[in-house]
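> These protein sequence lines map, in sequence, to chains E and L. According to the numbering used here, the stretch in the first sequence is residues 84 to 363, in order. According to the numbering used here, the stretch in the second sequence is residues 5 to 319, in order.
In short, the hints are calculated from the structure, not lab data. In this text, all values refer to a predicted model and were calculated from it rather than measured experimentally. One should not assume that every hint holds.
[Claimed, not checked] Ranges between beta-carbon positions, derived for each pair:
#, chain 1, residue 1, chain 2, residue 2, range
1, E, G140, L, E114, 46 to 54 Å
2, E, D159, L, D8, 49 to 57 Å
3, L, E209, E, P242, 30 to 38 Å
4, L, D20, E, A346, 41 to 49 Å
5, L, L11, E, E344, 40 to 48 Å
6, L, A218, E, A346, 49 to 57 Å
7, E, G140, L, G190, 51 to 59 Å
8, E, E344, L, R50, 56 to 64 Å
9, L, S207, E, A346, 29 to 37 Å
10, E, G184, L, E244, 39 to 47 Å
11, L, E114, E, G300, 28 to 36 Å
[Stated by the list, open to error] Below, simulated EDC-like cross-link-like pairs (lysine to aspartate or glutamate); rule was C-alpha separation at most 16 Å, straight line:
#, chain 1, residue 1, chain 2, residue 2
12, E, K85, L, D163
13, E, K133, L, D101
14, E, K177, L, D8
15, E, K85, L, E229
16, L, K14, E, E86
17, E, K85, L, D16
18, E, K133, L, E98
19, E, K85, E, D108
Where is the CB? At the ideal position from N, CA and C, for every residue including glycine.
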Amino acid sequence: MKEYPVFIPSQDMHLGAVITVPDVDPRAVVLLLTGYGGMLRSQRFALWTKTARLLAGHGIASLRLEWPGVGDSTGDVLADFDQLPIAEAVAAAKFAMSATGTTRLGLAGNCAGARTSLHAVRELPTCESMVLFFLKPLAQAIDSKSLTGRAFAIGQRLPRFVRAPLRALYFARQKDRRGSEIEDALLDVGRSVDLLLMESKSVLAGSVPKIATELTGTERVFELRQLDGTSMVAFEEPSDQRYALESVVDWFARSFSDLGEDARRSSSVAAHLGSEHSGG
Amino acid sequence: VAIDTALIAKHDSFVDARLGVRERFLTLRAGSGRTVGVLREPLESRKALGWVVLHSFADEFVYLNRAEVTLARRLASAGFPTLMFHCQGYGDSERIDLTPRFATHLADSEDVIGQFTAIADVAQVGVVGMRLGATIAARVAERTGVASLAMIAPIVRGDRYVRDLLRTQTFLHIAAGTEEAGSVEGLRRTLDSTGSVNVRGFSLERDVLAEIEAIDLCADLTKLEARVLLVQATRTARRESALARLSESLVGVGASVDSCVVTHPSAALFGGKNFQAAGTDRLADVLSGLNEAIADTVVAWSTTGHVPAAEVSAQ
């Protein structure tokens with residue numbers, strides 16, 4: 084395994100990234116994208132660094148990227164969910180494919196990185212497989228000083244049995260405004276690439292299970308796995324870190340396996356929490 | 005082999021003409037393994053002094069990164085070659101599964117500083133750090149005899165730092181609404197019974213925390229013949245007594261000390277989550293102004309030998 088840090092030109096910026104390549108000719112290359120919030124290319128708790136090195140053990144190259152203004156990337160910080168860094172992700176994916184000599188592509192993203200992947204894949208026709216962490220179709224970043232933010236802060240102090248239905252009501256009201264566009268994209272993408280969704284318990288109560296049912300039975304492999312956590316504590320449990328790492332490595336190893344259809348569809352990683360939907 | 009190494013090599017550096025700086029990735033030796041570093045160097049009028057940035061501990065490695073990169077780019081633009089790197093157990097380091105501790109930070113930093121003068125072609129070395137990174141920088145400065153030391157919001161007492169780490173963990177559980185909110189005392193009991201405790205996603209072992217708790221910078225430093233800049237980052241201009249004591253101790257062991265207080269409304273978040281919601285579906289770095297003011301202060305001090313003002317108000 085070898086690692087090469089690079090600056091990828093994108094528009095008038097240079098994006099900090101590390102390419103990890105196996106000792107053999109790579110079977111595929113996976114783009115590893117972080118969420119917003121200033122996360123470095125290694126991701127929280129070095130999850131992407133560990134993922135990249137384990138993928139290399141399966142003959143898969145990877146590129147882990149820093150968004151503009153973050154880490155070693157130049158440019159202004161972009162942290163707006165309505166202006167996702169799609170052009171940057173596409174530029175990085177094209178660079179990764181050129182550098183590693185393969186056009187077989189996978190995308191993995193967390194939060195804003197997941198939403199970016201969902202759009203970037205439309206411009207990356209050779210993408211075969213994706214892992215999306217905490218896509219949270221209905222979630223929004225809310226300013227704590229706004230009326231809604233203050234209501235949320237008060238809500239945090241309420242007992243859980245009061246908080247849960249209020250939260251469900253809030254998300255139900257937000258659904259059409261925020262969720263539908265992402266859900267439509269999810270359905271579209273899930274029909275054309277293998278897709279692993281790693282979602283939190285709160286989202287599983289929304290429309291994601293319905294999407295899972297629709298995607299199950301298509302030609303592509305689809306799995307929905309539950310990973311505990313919220314925007315504040317995602318990956319903070321060591322067991323969640325291990326589960327995330329094992330799931331994403333197992334997923335791409337299967338997606339890009341030479342062993343055929345059966346290998347693509349049979350996970351060696353047991354479900355971590357609660358329910359799991361799979362099929363395709 | 006399919007890898008296009010020529011393409012990769014062509015992209016290991018770039019020139020930022022606006023800043024007058026070249027940024028270049030390097031592979032360095034740091035303690036028990038290799039690591040990745042970034043050297044930022046001026047295109048013209050290179051100074052004899054170069055800076056090495058020593059990052060902080062646990063998740064402060066991430067949350068202080070923007071402040072460190074802002075500073076590194078400003079220093080390089082002002083003529084000072086500046087190196088950043090990842091200690092073992094962080095980021096792109098080879099030994100990513102190693103549990104970092106104060107001692108490994110010191111060993112890795114000393115190793116990199118030993119390579120720095122040749123890499124950056126400088127005659128003198130300065131070290132700079134923020135929070136626990138500043139504490140590490142002070143200890144490394146003493147052990148390596150560097151010419152300059154800049155300490156931004158240093159941790160003077162390790163026991164208070166550990167107490168704050170544990171306290172933050174209990175706040176996180178409360179904010180997330182998890183049932184296991186607990187208390188600092190409860191976390192200490194867990195530490196005693198299981199040998200480790202989860203703090204903001206980092207599994208911290210008892211001896212790692214004990215090593216940090218033993219830090220008393222005022223007592224630990226015995227000889228430091230360097231120019232020292234001490235920067236306090238706080239909400240109000242009131243001088244912290246711990247930093248005043250540290251300043252006296254530094255003078256007592258041979259250092260020449262300049263101090264500056266940088267105030268900012270969100271300075272309490274320095275070292276913590278700096279990206280906060282700023283309207284619906286948008287995050288912003290609330291510490292950008294503080295980072296800029298710190299960088300301005302360090303650059304001015306490096307260039308002229310004086311702090312621009314005893315107090316700086318950042319927005």
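> So, for every hint listed, does it hold in this structure?
Right, here's what the structure says about each hint:
The supplied range of 46 to 54 Å is broken by G140(E) and E114(L), whose beta-carbon atoms lie about 32 Å from each other. Range check, D159(E) to D8(L): about 30 Å between beta-carbon atoms, so the 49 to 57 Å window is missed. Separated by about 35 Å at the C-beta atoms, E209(L) and P242(E) satisfy the suggested range of 30 to 38 Å. The hinted range of 41 to 49 Å is satisfied by D20(L) and A346(E), whose Cβ atoms lie roughly 46 Å apart.
Checked against the hint of 40 to 48 Å, the C-beta distance between L11(L) and E344(E) comes to roughly 34 Å, which is inconsistent with it. With their beta carbons about 52 Å apart, A218(L) and A346(E) fall inside the hinted range of 49 to 57 Å. Between G140(E) and G190(L) the CB atoms are about 39 Å apart, so this pair departs from the stated range of 51 to 59 Å. A hinted range of 56 to 64 Å for the beta carbons of E344(E) and R50(L) is consistent with their spacing of about 60 Å.
With their beta carbons about 33 Å apart, S207(L) and A346(E) fall inside the hinted range of 29 to 37 Å. Separated by about 56 Å at the C-beta atoms, G184(E) and E244(L) break the suggested range of 39 to 47 Å. Checked against the hint of 28 to 36 Å, the C-beta distance between E114(L) and G300(E) comes to roughly 60 Å, which is inconsistent with it. Restraint check for K85(E) and D163(L): not satisfied, since their Cα atoms lie roughly 40 Å apart, outside the 16 Å limit.
Taken as a hint, the K133(E) and D101(L) pair is honoured in the structure, with Cα atoms around 9 Å apart against an allowance of 16 Å. Distance restraint check for K177(E) and D8(L): the Cα-Cα separation of roughly 13 Å lies within the 16 Å cut-off, and the hinted pair is therefore satisfied. A hinted pair counts as satisfied when its Cα atoms are at most 16 Å apart, and K85(E) with E229(L) does not qualify at roughly 42 Å. Under the criterion of a C-alpha separation no larger than 16 Å, the hint pairing K14(L) with E86(E) is consistent with the structure, at around 15 Å.
For the hint linking K85(E) to D16(L), the alpha-carbon distance of about 14 Å falls within 16 Å, and the restraint holds. The straight-line distance between the Cα atoms of K133(E) and E98(L) is roughly 10 Å, inside the 16 Å bound, and the hint therefore holds. Among the hinted pairs, K85(E) with D108(E) is consistent with the structure: their alpha-carbon atoms are about 12 Å apart, no more than 16 Å.
When held up to the earlier numbered hints, the structure conflicts with 1, 2, 5, 7, 10, 11, 12, 15 and fits the remainder.
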